[in-house]
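Asker: Under the working numbering, the first residue of the sequence shown carries the number 1, and numbering increases by one thereafter.
Some hints could be false.
Simulated crosslink set (SDA-like; lysine to any residue; CA at most 20 Å straight-line) [claimed, not checked]:
#1 K73 x L62
#2 K4 x G67
#3 K4 x W76
#4 K73 x L12
#5 K73 x T125
#6 K4 x L66
#7 K73 x Y52
#8 K73 x L83
#9 K73 x E5
#10 K73 x L58
#11 K73 x L112
#12 K73 x V21
#13 K73 x V109
#14 K73 x F123
#15 K73 x R7
#16 K73 x L15
#17 K73 x S116
No wet-lab data here; the hints were simulated from the structure.
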Amino acid sequence: MRSKEVRILTSLGALLAGLSVAAGAFGAHALQNILTERYQAIYETASQYMMYHALGILMCGLSTYLGGPDLRKPGWLFVAGILFFSGSLFTLVLTGIGFLGAITPIGGVLFLVGWSWAAYSIFVTGRPSRTG
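Could you build the full structure based on these sequences and the hints that come with them?
Answerer: Spelled out as structure tokens, the structure:
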């Protein structure tokens, strides 16, 4: 399936992976002497989870694009998870706004639902996607 949505999702996965590399480099170099150890660890977690799930988005998009199970919904759940999880942690570290940590678990739940949905779709489908 080579729909515009699949191309957007897959491209977004690649862009988010690149952004994760940039964020990691920024944290390791520009913020190294500015952040406390605790905030450095939080920033690193945000960057790592962003990369893991950007790769998950790529997997979902490519699976669908190449005719495997339709994993668009898990891919979009990963996008939302990155916004809530990594986005809230990056914002917390860079601004010090503490209440943002309260929305981080929403992102974690979106990640878990996305991975579960992907596993279910792969297991149940067992054949190439034919939906459009």
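Asker: Look at each hint and say if it fits the structure.
Answerer: Quick rundown of the hints versus the structure:
1. Only pairs whose Cα atoms come within 20 Å are accepted, and K73 paired with L62 is accepted, the gap being roughly 13 Å.
2. Restraint check for K4 and G67: the C-alpha separation of about 15 Å stays at or below 20 Å, so the hint holds.
3. Only pairs whose Cα atoms come within 20 Å are accepted, and K4 paired with W76 is accepted, the gap being roughly 14 Å.
4. Distance check on the hinted pair: K73 and L12 sit about 14 Å apart at the alpha-carbon level, within 20 Å; holds.
5. Using a Cα cut-off of 20 Å, the hinted pair K73 and T125 holds, with the two alpha carbons roughly 14 Å apart.
6. About 14 Å separates the Cα atoms of K4 and L66, which keeps this hinted pair within 20 Å; it holds.
7. Of the supplied pair hints, the one linking K73 and Y52 holds, its CA atoms being roughly 17 Å apart against a limit of 20 Å.
8. Distance check on the hinted pair: K73 and L83 sit about 16 Å apart at the alpha-carbon level, within 20 Å; holds.
9. For the given pair, K73 sits about 11 Å from E5 by alpha-carbon distance, which is consistent with the 20 Å threshold.
10. Note on K73 and L58: the hinted pairing holds, with a Cα-Cα distance of about 13 Å set against a maximum of 20 Å.
11. Taking the CA atoms of K73 and L112, the gap is near 13 Å; set against the 20 Å cutoff, the hint holds.
12. For the proposed pair K73 and V21, the alpha carbon gap of about 25 Å is over 20 Å, so the pair is violated.
13. For a cut-off of 20 Å, the pair hint linking K73 to V109 stands: about 14 Å separates their Cα positions.
14. Simply put, K73 and F123 have alpha-carbon atoms about 15 Å apart, close enough for the 20 Å limit, and the pair holds.
15. At roughly 14 Å between alpha-carbon atoms, K73 and R7 fall within 20 Å of each other, so this suggested pair holds.
16. Proximity of K73 to L15 is assessed by CA-CA distance (about 18 Å); at most 20 Å being required, the pair is judged to hold.
17. For the hint linking K73 to S116, the alpha-carbon distance of about 11 Å falls within 20 Å, and the restraint holds.
Comparing the model with each numbered hint stated earlier shows that hint 12 is the single one that does not hold.
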